[in-house]
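Protein sequence lines correspond, in order, to chains A and B. Quick note on my numbering: the first sequence kicks off at 1 and runs consecutively. Quick note on my numbering: the second sequence kicks off at 469 and runs consecutively.
Bear in mind the hints are in silico, worked out from the structure with no lab data behind them. Among the hints, a few may not be true.
Which chain B residues face chain A? A few, computed with CB under 7 Å, are given here [stated by the list, open to error]:
1. Ala620
2. Gln630
3. Met752
List time: in silico DSBU-like cross-link candidates among lysine-lysine, alpha-carbon distance up to 30 Å [stated by the list, open to error]:
4. A:Lys459 to B:Lys497
5. A:Lys114 to A:Lys66
6. A:Lys402 to B:Lys497
7. A:Lys459 to B:Lys755
Only a predicted model underlies this, so the values are computations on that prediction, with no experimental measurement involved. Idealized CB from N, CA, C, for every residue including glycine.
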Amino acid sequence: MLFNSLHFIFFLPIVVLLYYLIAHKYRWALLFIASSYFYSVFYLPYLFILYAVILIDYVCGLLIEKNEGRRRWWWLLASIISNIGLLGYFKYTNFFIDIFNEIAPLVHVSKHIKNLDIILPIGLSFHTFQSLSYTIEVYRKKQKAEKHIGYFANYVLFFPQMVAGPIERYDRLGNELRINQRLSYDNISHGLRLVLYGLFVKMCIADNLAPLVDEVYQAPQNYYSSSIWLAMIAFAIQIYADFYGYSTVALGAARILGIHLMDNFKQPYFAKGIQDFWKRWHISLSTWFRDYVFFSMGGSRVKTFRWIINVLFLFALSGFWHGANYTFIIWGLLHGIAYLLDKGISNYLPNQIKQMKLYSILSMLVTFMVVVIIWVFFRAKDLTSSLVILEQSINYGFEAYKHIEVSWIPLSMLGIFILFEIAILDSRIDNWIASKHITFRWLVYGLLTMCLLLFSGIKSIPFIYFQF
Amino acid sequence: MGCAFLMLVLCLVLSNFIYEKYYYRQDLKESDAEMLLKLDSLQYSSDVLYFAESSNATLADDDTCLLTIAQMIDSLNPEKVVAIDHGAIHAKTYKSLIENIKEDAKVKTLIVTLNMRSFGANWIHSKMETALMKANVMYEQIPPIAKRVKLAFNGFDNQNDQMRGHVMEDHWRHDYIHLPDTFPYKNVRTWDNAVGGANVLDFTTPDGDWDMPRIELATSYIKTYAFSIDTKNNPRIKDFDEIVEIAKRKKLKLIYNLLAENTEYADSLVGKPLTDVMKENAQMLIKRYTDKGVLVVDNLSVVAGEEFTDKRWTSEHYTQRGRWTIAKNVANAMSVK
Chain A
1 MLFNSLHFIF FLPIVVLLYY LIAHKYRWAL LFIASSYFYS VFYLPYLFIL YAVILIDYVC
61 GLLIEKNEGR RRWWWLLASI ISNIGLLGYF KYTNFFIDIF NEIAPLVHVS KHIKNLDIIL
121 PIGLSFHTFQ SLSYTIEVYR KKQKAEKHIG YFANYVLFFP QMVAGPIERY DRLGNELRIN
181 QRLSYDNISH GLRLVLYGLF VKMCIADNLA PLVDEVYQAP QNYYSSSIWL AMIAFAIQIY
241 ADFYGYSTVA LGAARILGIH LMDNFKQPYF AKGIQDFWKR WHISLSTWFR DYVFFSMGGS
301 RVKTFRWIIN VLFLFALSGF WHGANYTFII WGLLHGIAYL LDKGISNYLP NQIKQMKLYS
361 ILSMLVTFMV VVIIWVFFRA KDLTSSLVIL EQSINYGFEA YKHIEVSWIP LSMLGIFILF
421 EIAILDSRID NWIASKHITF RWLVYGLLTM CLLLFSGIKS IPFIYFQF
Chain B
469 MGCAFLMLVL CLVLSNFIYE KYYYRQDLKE SDAEMLLKLD SLQYSSDVLY FAESSNATLA
529 DDDTCLLTIA QMIDSLNPEK VVAIDHGAIH AKTYKSLIEN IKEDAKVKTL IVTLNMRSFG
589 ANWIHSKMET ALMKANVMYE QIPPIAKRVK LAFNGFDNQN DQMRGHVMED HWRHDYIHLP
649 DTFPYKNVRT WDNAVGGANV LDFTTPDGDW DMPRIELATS YIKTYAFSID TKNNPRIKDF
709 DEIVEIAKRK KLKLIYNLLA ENTEYADSLV GKPLTDVMKE NAQMLIKRYT DKGVLVVDNL
769 SVVAGEEFTD KRWTSEHYTQ RGRWTIAKNV ANAMSVK
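Bound-form chain A, shown alone (with noise of 0.2 Å):
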């Protein structure tokens, strides 16, 4: 289920009223069904590829915790190789056959393997990733086996952020589904908040920048390197807007419901730096890699060199993550690069320059410049075509490109967005909503409200990260 649908709209009220209507106890079983229903809504046979994860990490968290020494090891085992086994089946399938059949003809093997129609799975990197974070825990003895399957089937399933995260950790979302929450008005108050706020990014910000992105990367050949650059950096915002509006709506679902999910973005375009930059993004997704990767590989622990290989490679993992194929390696590593360059040069600058707001300034833009040159990698449909929009993006006064035509919603959409990103820095929308007088709240509502109803996209562009 869309989060902006009508479904999600009736879908919601029902279940929060259901929510706070029924004893404590028997809430897990509501929120299983509400949780297996809103998945299925997508596509009903794939729910069950969620109940098999979710067994065979329920079984393997029990039996890590049961077993001392090498057994625990091995049932951690099984609990990554079925959650990346059917990653890898369903995400990576198709892309390792279209590796082979590139090299077949070279070491002269005249096979030639077909693609297999698959139908990736809505969100299955997001709940692998954060069924495998609890098996982990466990194995390192920082978290309980949970008992009870119900509540440890809410975990993965749990509806608000099933499908594109934040990717939560057992010790957060597993104790605060435990919670007997009681219905509160600041509870329903800043999840609706957070609920009109993230449906307004999506629908006025992201799916009105959605069509001027598509057309210019269509065919980029055709476009003056201005419209090159306009499509760069409205896919910036977009790809911004879409996860953004989606996480927020996320929060404030779950917010309804009494539980806190982690907060997966911190305005990372006003990062001053790669560094700071993916402290602010997908953070959710960052950190499972530091805790879980890095971590695992050395940390910073290791000599200078190492450190940077297992930079590298954790980037490229990564970029894999993200997508199967070579563009999304690439951003991966490209960010890579710039996290090490970044590195390197704030140890060499003097303290001095660092706290000078020019300075401030400058890292700022030029942070916002490389993420939005290293995201053409991830949008374009391949390498070529990445290729051909960096070098379209430096060809001036060629008469027969065109120009890419922008109309004034968009802008003013994205207008309001800023402000409203200016004004909520260092905060968030709910809390920064809650401070302010009652006449400004209601005229916020009212705004964001109008701007849905009138100005939202109406093409259907579908969440971009429900792909991965």
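For chain A, the structure is supplied; the task is to place chain B on it using the hints.
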């Protein structure tokens, strides 16, 4: 709570006013739903509305007569006949549009194309369906701002292409064919696989190679026509049934124009079993709707194979001679009854 409700109502009323005045027409255009504007004006200036997909206006390259089928019927009929047409639309769209015909409209007769292909999985689950369903929202009889909300909040069938492909495959596996028990294939997929595997029919070139274009064309005919219309579950049956009810309610005379299909090619490529299925479906449709009081014009086999403009795939696109044949049949039927 009261304050929130009041604000929401105020926002809706204000938005509806602004939207209808400034942006509604733009959204009709963006949703490819401008037929509604056409219908709004034509229902007051014509006697007969001809609802059709691309069969109405597609011409052959060497046509000297550039009239559409509706224009041809108009020229053969004393009443003014105009078309409301758009590529790939089907009975669900017709139904929504017909609901928009007002009581005081001049129009008294509706001719609706009864396209047999539109009953098949190919068309029901086509990639065009999302766009069509989106346009359909704009034809609904609700306030303009409500249409916009439905579009923005995905209040229509908007499955992606890959998902539609899966559903289509599933449909083919369960699309049973009512032929004598001696016929070995029980559903579209098994028949298609057998012919596609070139095991059933002799599809070889004089050199002894597989004649791939012919094999592909034959399988495309099977996928398009080899099904017995399930009158209980086929969505098009439901739509055409509802059109009958709407026409009765609005006191409009209804004519179903059963379009010509290339039965000649179907016979030469796949053989009698396929044309038998097509004819059986046609007879079922004619009987079903004649019993409901609709005038059904049977054009199934009236156009010769060479009068179809598309030779490499199935369509209802005719040369001028084909279009005249159909137009004359419809005009004759109109004059008789």
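Results for each hint:
Annotation: interface hint on Ala620 of chain B holds; nearest CB of chain A at approximately 4 Å, less than 7 Å. Hint status for Gln630 of chain B relative to chain A: holds, with the closest Cβ pair at about 6 Å, below 7 Å. With a least beta-carbon distance of about 32 Å to chain A, the hint placing Met752 of chain B at the interface is violated under the 7 Å criterion. At roughly 12 Å between alpha-carbon atoms, Lys459 of chain A and Lys497 of chain B fall within 30 Å of each other, so this suggested pair holds.
A distance of roughly 44 Å separates the Cα atoms of Lys114 of chain A and Lys66 of chain A; the hinted pair therefore is violated under the 30 Å criterion. For the suggested pair Lys402 of chain A and Lys497 of chain B, the alpha carbons sit about 23 Å apart, so the restraint of at most 30 Å is met. A threshold of 30 Å between alpha carbons decides the hint, and for Lys459 of chain A with Lys755 of chain B the separation of about 41 Å lies outside it, so the pair is violated.
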